[in-house]
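K.L.:
Model the full structure from these sequences, guided by the hints.
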Amino acid sequence: MDGSNLRPLGHPPNAWWVNEQVADISRQALQPRLATLVTQTKQVQFDLGKTACLVIDMQNDFCHPDGWLASIGVNVAPTRQAIQPLQTLLPKLRSAQVPVVWVNWGNRRDRLNLSAGLHHVYNPSGTGVGLGDPLPANGAPVLTKGSWAAAVVEELEAQPQDIWVDKYRMSGFWDTPLDSILRNLGKTTLLFAGVNMDQCVIATLQDANFLGYDCILLSDCSATTSPDYCAQATVYNVNQCFGFVADSAALAAALEPSVAL
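Per the UniProt record's numbering, the sequence shown starts with residue 1, numbered consecutively.
It is possible that some hints are incorrect.
[Said to hold, decoys possible] Label pairs and their in silico Cβ distance ranges:
(1) Gln87 <-> Pro257: 17 to 25 Å
(2) Gly73 <-> Tyr236: 27 to 35 Å
(3) Pro8 <-> Gln84: 36 to 44 Å
(4) Pro257 <-> Val74: 39 to 47 Å
(5) Pro177 <-> Gln28: 19 to 27 Å
(6) Val18 <-> Pro227: 49 to 57 Å
Simulated from the structure, these hints should not be mistaken for lab results.
Here a beta-carbon is modelled for each residue, glycine too, at the ideal position from N, C-alpha and C.
P.N.:
Written as structure tokens, this is what we have:
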């Protein structure tokens, strides 16, 4: 069997190595890069090579004073509290070769994949500014892919190596390629950040847990416009049922040996 001149197909650690005579489908494991994180409940050891960070809905419509939530009278100051911790943490994650995955509302312009029930959540009277409708401030269609409304807030600068996934429900796993992407990359530990903590973040985290991923909520990198008890209940339920909770300072401390390499 000629094993020379093998070429990769796919993405490590799930790549095959092939030539005209050979297909090596052993999917050789990557060298572990272990880190230890102090969470609210336990000291957690995890593999940075199997870790990705999901940043959910840090978009103009949720976080900008001219965005959708602000236009319907919601105080977006709480969602903006997650910006500064993420500004500090995301470069450290990239330096540690932990992928940053932007999981954002990005609706079709024709809205054909959105149910009436989903529209009703955000426009219960049918006369308000709902999904896909123009914003009062600038006419951008609400949470529509490619629009200013759906763009990540300018304070969080995405990088070319980052990964983008559009979602159409509160969960980032429903009707999206997120699960396939993470499995192809060999990711089993997921860090969660973004808004709203008690809605899209927890829905995505719960689905990740149900799919067998190991979940860590980054408490200060997540926020919500809901009452405080909603955030408290989210943290309680993650600790109790769905994974672990830590803050960005603890994660940065866990990353230090890897970032220094």
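K.L.:
Hint numbers the structure violates, sorted upward?
P.N.:
none
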